[in-house]
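A.B. asks: Listed below, chain by chain, are the residues.
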Amino acid sequence: MRDSRMGNRRAFLRTAGVAALGAVGAVSLAACGDESDSAATNEDDNLGFAGTVLGYPLARPSAAFVDTSGAPFNVATETAGKLTLMLFGYTSCPDVCPVHLNVLAGTLEDLHGREARTKVIFVGVDTKRDTPEAMRTYLDQRSPDFIGLTAAPDVIDEALKQLMLPSVIIGEPRADGSYVVEHPSQILAFTPDDLCHIVYPFGVRENEWRTDLPRLLDYDWPDTTR
Amino acid sequence: MRVSDSPRRPQPATARACIRIGSLALASIGIAGCVSGRPDVAVRDAVIPVPMTADSASVYLTIENSGGADDVLKGVSASSGQLAHLHETAIESDGRASMRAVGTVRIKAGETVRMEPGGLHVMLMNPGELADGDQLQLYLAFEKSGVKHVKATVTDDYDEVLGG
Chain A
1 MRDSRMGNRR AFLRTAGVAA LGAVGAVSLA ACGDESDSAA TNEDDNLGFA
51 GTVLGYPLAR PSAAFVDTSG APFNVATETA GKLTLMLFGY TSCPDVCPVH
101 LNVLAGTLED LHGREARTKV IFVGVDTKRD TPEAMRTYLD QRSPDFIGLT
151 AAPDVIDEAL KQLMLPSVII GEPRADGSYV VEHPSQILAF TPDDLCHIVY
201 PFGVRENEWR TDLPRLLDYD WPDTTR
Chain B
1 MRVSDSPRRP QPATARACIR IGSLALASIG IAGCVSGRPD VAVRDAVIPV
51 PMTADSASVY LTIENSGGAD DVLKGVSASS GQLAHLHETA IESDGRASMR
101 AVGTVRIKAG ETVRMEPGGL HVMLMNPGEL ADGDQLQLYL AFEKSGVKHV
151 KATVTDDYDE VLGG
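In order, the protein sequences belong to chains A and B.
Under the numbering used here, the first residue of the first sequence carries the number 1, and numbering increases by one thereafter.
Under the numbering used here, the first residue of the second sequence carries the number 1, and numbering increases by one thereafter.
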């Protein structure tokens, strides 16, 4: 990490938020004998996107999620070919989740055409409180088009592992019954090639999404899957 | 010899003025004033993003201490009587977000503390329905500066919430 960036809180969060994924990507590149010695955390290597480009793309999860109507929802098949933004949070989340969801809702309201049909998937990780009904009520505050998914804790854990995201931690209940929920703050972007090449940290603005979504639809990603 | 050329007026409270007077060695009172110093706290830019539930709302604001001594924010309350807690979100290097209650927040002399998404915020409990443009009076209790008022505006402009 460069010192000059440390002073910029946003840039720091942006870089740090995906450091783990970036490191994995860099290792993969090295293993493939790629000439590039660049770390995926270097902002200059992010192709002008506001997120962090992964050295090695991730597949859409096929975990056994359930949608807000209670029906099974396989992300890999249900959203195949569609630009999809996926994040993990909880309905009582006061800071990170509402900011993400409002920024995305505001962005999509201002867009037209294909990019306006970007799918947004919010996975509720607080399985006690994030029931399908609670998820629907919560997401409808911003958009009836947002897809809400839940699953048993072990299914969510497995999906997070596959997506190389940090695990969820649910704290012990306090005297008043409240408890801490720790969750990944990143947003994964799955592009029409059904891969996630880029991860967005917390703090991305509407104008950055408005610039990035049309590019994500058409970007010709180098084939790193061979 | 009397220090007759030193006008008898109250010593300026700001640190900069103190240093000036001290360096001229005009009045020992001025130097003593520097050592004790006083905080000068202002609260501004209070915004509440339209909450997604009626259970809680986050308030983001800026506290500037342009004085010569630290002050400590001890607590916050709202005009409508709701409970308000000081909270801090921490985002770890792997992106995991967690939140904890914060007892107090120190505002150092000459420093500005910005409460913003992904960091410090005031969590209002059970604020009820809040709509874009609504305003709420908040009271911030400081150890030395006493209670400061600020009007928080509810907004659906998230670029404003995230800061220019």
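FYI, nobody ran anything at the bench for these hints, they're computed from the structure.
Hints should not be assumed to be uniformly reliable.
To be verified - Taking beta-carbon pairs under 8 Å as the criterion, some of the chain B residues facing chain A (in silico):
1) Gln135
2) Ala141
3) Leu162
Claimed, not checked - In silico negatives: residues of chain A with every beta carbon more than 10 Å from chain B:
4) Arg117
5) Glu172
6) Glu182
As the list claims (entries may be wrong) - To be clear about the criterion: a stretch of chain B counts as covered by chain A if any three or more of its residues have a C-beta under 8 Å from a C-beta of chain A, and this derived list gives those stretches:
7) 68–80
8) 143–155
Glycine residues also receive a C-beta, built at the ideal position from the N, C-alpha and C atoms.
A.B. asks: Does each hint fit the structure? Answer for all of them.
C.D. replies: Going down the list of hints, with the structure as the test:
{"no.": "1", "hint": "Gln135", "verdict": "19 Å, violated"}
{"no.": "2", "hint": "Ala141", "verdict": "21 Å, violated"}
{"no.": "3", "hint": "Leu162", "verdict": "6 Å, holds"}
{"no.": "4", "hint": "Arg117", "verdict": "21 Å, holds"}
{"no.": "5", "hint": "Glu172", "verdict": "14 Å, holds"}
{"no.": "6", "hint": "Glu182", "verdict": "4 Å, violated"}
{"no.": "7", "hint": "68–80", "verdict": "violated (count 0)"}
{"no.": "8", "hint": "143–155", "verdict": "violated (count 0)"}
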